[in-house]
Amino acid sequence: MNESVSMTHRLTAPLNKVGDELIPLLARLVFAAVLLVYFWNSGMTKLGDGILGVFYPGVGAYAQIFPKVMETVGYDVSQLSLFHWAVVVSGTIAEFILPLLIVIGLLTRLSAVGMIGFIIVQSLTDLYGHNGFENGVLGAWFDRLSDGLILDQRAFWVLCLLILLFKGAGALSLDRLIFKRAA
1 MNESVSMTHR LTAPLNKVGD ELIPLLARLV FAAVLLVYFW NSGMTKLGDG ILGVFYPGVG
61 AYAQIFPKVM ETVGYDVSQL SLFHWAVVVS GTIAEFILPL LIVIGLLTRL SAVGMIGFII
121 VQSLTDLYGH NGFENGVLGA WFDRLSDGLI LDQRAFWVLC LLILLFKGAG ALSLDRLIFK
181 RAA
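With this note's numbering applied, the sequence shown corresponds to residues 1 to 183, in that order.
By construction, these hints were calculated from the structure, which means they are not laboratory data. Each hint should be verified, as a subset may be incorrect.
[Stated by the list, open to error] Quick list of in silico lysine to aspartate or glutamate cross-link-like pairs, DMTMM-like style, CA-CA up to 20 Å:
1) Lys180 to Glu21
2) Lys68 to Asp126
3) Lys167 to Asp20
4) Lys167 to Glu21
5) Lys68 to Glu134
6) Lys180 to Asp20
Construct the complete structure from the given sequences, taking the supplied hints into account.
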């Protein structure tokens, strides 16, 4: 029995080395293929007019992030506070910067943490702000359906980001290039 376990370990050891390099690279590729454009398009819907539109978000940006507050103030952005503006602007910037950093593999672990936090806030906003509980977007784990917007889809998103958090960016990343030189 020990000989069998030892032989299995010898045969699979190279897979561990390959996996440590390949899995994070594939996680970044999957993130780019599935979520990069999703988040960038979402960020684009929040931009105001002009080159500095990120600092002058449109009404839709506030309505997406603070739906119940916007309804309360009759969609009049002038009634919102500096806090609301700061959240919308920082969230919009994060939708552009964090995915880009992940795809190029720069500050990947920190960016993955930021994206996980972003997805949690996004999910809570969808559930509480946009009445997701009533609209059935929550979904359920361990059921026969795999299309629940929150529990099913976003679990895969977070899993992809957790790989990057724990393994780093992997091969072919700016993290590897920069931190290898620094070491």
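Each hint tested on the structure:
Restraint check for lysine 180 and glutamate 21: the C-alpha separation of about 14 Å stays at or below 20 Å, so the hint holds. Between lysine 68 and aspartate 126, the direct Cα distance comes to roughly 11 Å. Compliance with the 20 Å bound is thereby established for this hinted pair. Distance restraint check for lysine 167 and aspartate 20: the Cα-Cα separation of roughly 7 Å lies within the 20 Å cut-off, and the hinted pair is therefore satisfied. Between lysine 167 and glutamate 21, the direct Cα distance comes to roughly 9 Å. Compliance with the 20 Å bound is thereby established for this hinted pair.
Taken as a hint, the lysine 68 and glutamate 134 pair is honoured in the structure, with Cα atoms around 15 Å apart against an allowance of 20 Å. Distance restraint check for lysine 180 and aspartate 20: the Cα-Cα separation of roughly 16 Å lies within the 20 Å cut-off, and the hinted pair is therefore satisfied.
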